[in-house]
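Asker: Sequences and hints are given; from them, build the entire structure.
Under the working numbering, think of the first position of the sequence shown as 6, with each following residue one higher.
Derived from the structure by calculation, the hints contain no laboratory data.
Model, not experiment: these values are computed from the prediction.
Among the clues, some could well be false.
[As the list claims (entries may be wrong)] Here are the simulated lysine-lysine pairs, DSSO-like style, with alpha carbons at most 27 Å apart:
1) K36 <-> K80
2) K300 <-> K323
3) K312 <-> K323
4) K54 <-> K80
5) K127 <-> K194
6) K357 <-> K301
7) K57 <-> K36
8) K357 <-> K218
9) K213 <-> K312
10) K208 <-> K241
11) K312 <-> K208
12) K111 <-> K53
13) K169 <-> K210
14) K312 <-> K210
15) K111 <-> K57
16) K111 <-> K47
17) K169 <-> K323
18) K169 <-> K370
19) K218 <-> K229
20) K323 <-> K210
21) K127 <-> K111
22) K169 <-> K218
23) K208 <-> K194
24) K213 <-> K127
25) K262 <-> K210
26) K80 <-> K47
27) K210 <-> K229
28) K194 <-> K213
29) K36 <-> K213
30) K127 <-> K357
31) K127 <-> K54
32) K312 <-> K218
33) K241 <-> K127
34) K127 <-> K370
35) K323 <-> K213
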Amino acid sequence: MKTAALLNLETAEQTLERPIDRTEDCIAQAKAQGLRYVTDAKPGFARKKRGKHFIFFDTHGQRIRDEATIQRIRKLAIPPAYTHVWICPHANGHMQATGFDARGRKQYRYHPEWRNFREANKFSHILAFGDVLPRLRAVTAQHMLQRGLSREKVLATVVSLLEKTLIRIGNDEYARTNQSYGLTTLRHKHVDVTGATIRFRFKGKSGKEWNLKLNDRRIARVVKACADIPGQELFKYVDENGTVRDVTSGDVNDYLKSVTGEVFTAKDFRTWTGTVLAAIALQEYASYDSAAQAKKNVVAAIEHVSKKLGNTPTVCRKSYIHPQIIDAYMDGSLIAQISGEIDHSLQLQYEKLTPEEILVLAFLKQRLNPS
Numbered sequence: 006m007k008t009a010a011l012l013n014l015e016t017a018e019q020t021l022e023r024p025i026d027r028t029e030d031c032i033a034q035a036k037a038q039g040l041r042y043v044t045d046a047k048p049g050f051a052r053k054k055r056g057k058h059f060i061f062f063d064t065h066g067q068r069i070r071d072e073a074t075i076q077r078i079r080k081l082a083i084p085p086a087y088t089h090v091w092i093c094p095h096a097n098g099h100m101q102a103t104g105f106d107a108r109g110r111k112q113y114r115y116h117p118e119w120r121n122f123r124e125a126n127k128f129s130h131i132l133a134f135g136d137v138l139p140r141l142r143a144v145t146a147q148h149m150l151q152r153g154l155s156r157e158k159v160l161a162t163v164v165s166l167l168e169k170t171l172i173r174i175g176n177d178e179y180a181r182t183n184q185s186y187g188l189t190t191l192r193h194k195h196v197d198v199t200g201a202t203i204r205f206r207f208k209g210k211s212g213k214e215w216n217l218k219l220n221d222r223r224i225a226r227v228v229k230a231c232a233d234i235p236g237q238e239l240f241k242y243v244d245e246n247g248t249v250r251d252v253t254s255g256d257v258n259d260y261l262k263s264v265t266g267e268v269f270t271a272k273d274f275r276t277w278t279g280t281v282l283a284a285i286a287l288q289e290y291a292s293y294d295s296a297a298q299a300k301k302n303v304v305a306a307i308e309h310v311s312k313k314l315g316n317t318p319t320v321c322r323k324s325y326i327h328p329q330i331i332d333a334y335m336d337g338s339l340i341a342q343i344s345g346e347i348d349h350s351l352q353l354q355y356e357k358l359t360p361e362e363i364l365v366l367a368f369l370k371q372r373l374n375p376s
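Answerer: So, in structure tokens, the structure goes:
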């Protein structure tokens, strides 16, 4: 299996998107963990500096003197520099505090039980994502055939780029305050289109420099048409009234939900691709003589995938490679299960997936849902 079957790019620097979940799902998930789903849109506790320390006030503006509550707040270790700090009034709130750091970025402090739950379930979307990916690819291809620069056509193009390059969606605040960019905040100067070739050069999140090339004539035509429209932002569409509008990250998330019926984000693309690439890489180390050698092979495979994703090997393994891939390799069952012939019914069902993707999806379904 070839990596090129999944990605056609030279280099990439990617960063993590914070997942967006439906509120009703989060409420149910929090309740199942014995927690209370909260939002900082509701009144919370506040803090005020007095001398070298902070004192805290309840939702009625009264100073908090209960020692247990004060200890709970202090254990959150909210940095002194944070501003607009909101503290959850409930000890079992799934989110315990929010605030803004020195660079104006919103930061979060979660309940330990919620963190543990999210950590254990961060790969829970992968089967659902694999199932809807053929439909997503088919619909985006259809939308890209539309005339002009309709909303659906431009958003389909952005989603196609999201999958092919794994560039983060982008955030207006980061672009404004840090001059760091993602797909929806790219400027004209960040992209060059020559024929079927698109060259991206820009500073991404955390100051990482992107320099990558994509060859795709269909996408290149849309990007070139967007670039020909005056305005600061690169990606724009023309609404039904003829008004030119900038594409936002919210537009992309809404589009993904409208096509798939589920809530997926850029991280799901990265997790899917990282998992498949890991399986491909481990096939290059089909045999090993000892557990120690197998571990070395895993390290080498993860390092290979991390370069494709633009993360450190540690982050790559923890966040973007499903642990069942590594576990199966270590117990000797992976290679046989992802190297066989593909059942004809699966080929028909997942015709928009590559052979590698079909085999990995079938493997994960068997491991995660053996019944």
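Asker: None of the hints should be skipped; say for each whether it holds.
Answerer: Hints, verified against the model:
{"no.": "1", "hint": "K36 <-> K80", "in the structure": "holds (23 Å)"}
{"no.": "2", "hint": "K300 <-> K323", "in the structure": "holds (16 Å)"}
{"no.": "3", "hint": "K312 <-> K323", "in the structure": "holds (15 Å)"}
{"no.": "4", "hint": "K54 <-> K80", "in the structure": "holds (17 Å)"}
{"no.": "5", "hint": "K127 <-> K194", "in the structure": "violated (36 Å)"}
{"no.": "6", "hint": "K357 <-> K301", "in the structure": "violated (34 Å)"}
{"no.": "7", "hint": "K57 <-> K36", "in the structure": "violated (38 Å)"}
{"no.": "8", "hint": "K357 <-> K218", "in the structure": "holds (23 Å)"}
{"no.": "9", "hint": "K213 <-> K312", "in the structure": "holds (13 Å)"}
{"no.": "10", "hint": "K208 <-> K241", "in the structure": "holds (21 Å)"}
{"no.": "11", "hint": "K312 <-> K208", "in the structure": "holds (17 Å)"}
{"no.": "12", "hint": "K111 <-> K53", "in the structure": "holds (19 Å)"}
{"no.": "13", "hint": "K169 <-> K210", "in the structure": "holds (19 Å)"}
{"no.": "14", "hint": "K312 <-> K210", "in the structure": "holds (16 Å)"}
{"no.": "15", "hint": "K111 <-> K57", "in the structure": "holds (24 Å)"}
{"no.": "16", "hint": "K111 <-> K47", "in the structure": "holds (16 Å)"}
{"no.": "17", "hint": "K169 <-> K323", "in the structure": "holds (22 Å)"}
{"no.": "18", "hint": "K169 <-> K370", "in the structure": "holds (24 Å)"}
{"no.": "19", "hint": "K218 <-> K229", "in the structure": "holds (15 Å)"}
{"no.": "20", "hint": "K323 <-> K210", "in the structure": "holds (20 Å)"}
{"no.": "21", "hint": "K127 <-> K111", "in the structure": "holds (21 Å)"}
{"no.": "22", "hint": "K169 <-> K218", "in the structure": "holds (11 Å)"}
{"no.": "23", "hint": "K208 <-> K194", "in the structure": "holds (12 Å)"}
{"no.": "24", "hint": "K213 <-> K127", "in the structure": "holds (25 Å)"}
{"no.": "25", "hint": "K262 <-> K210", "in the structure": "holds (25 Å)"}
{"no.": "26", "hint": "K80 <-> K47", "in the structure": "holds (22 Å)"}
{"no.": "27", "hint": "K210 <-> K229", "in the structure": "holds (25 Å)"}
{"no.": "28", "hint": "K194 <-> K213", "in the structure": "holds (17 Å)"}
{"no.": "29", "hint": "K36 <-> K213", "in the structure": "violated (39 Å)"}
{"no.": "30", "hint": "K127 <-> K357", "in the structure": "holds (25 Å)"}
{"no.": "31", "hint": "K127 <-> K54", "in the structure": "violated (37 Å)"}
{"no.": "32", "hint": "K312 <-> K218", "in the structure": "holds (15 Å)"}
{"no.": "33", "hint": "K241 <-> K127", "in the structure": "violated (32 Å)"}
{"no.": "34", "hint": "K127 <-> K370", "in the structure": "holds (16 Å)"}
{"no.": "35", "hint": "K323 <-> K213", "in the structure": "holds (20 Å)"}
Hint check: violations occur at hints 5, 6, 7, 29, 31, 33; the rest are consistent with the structure.
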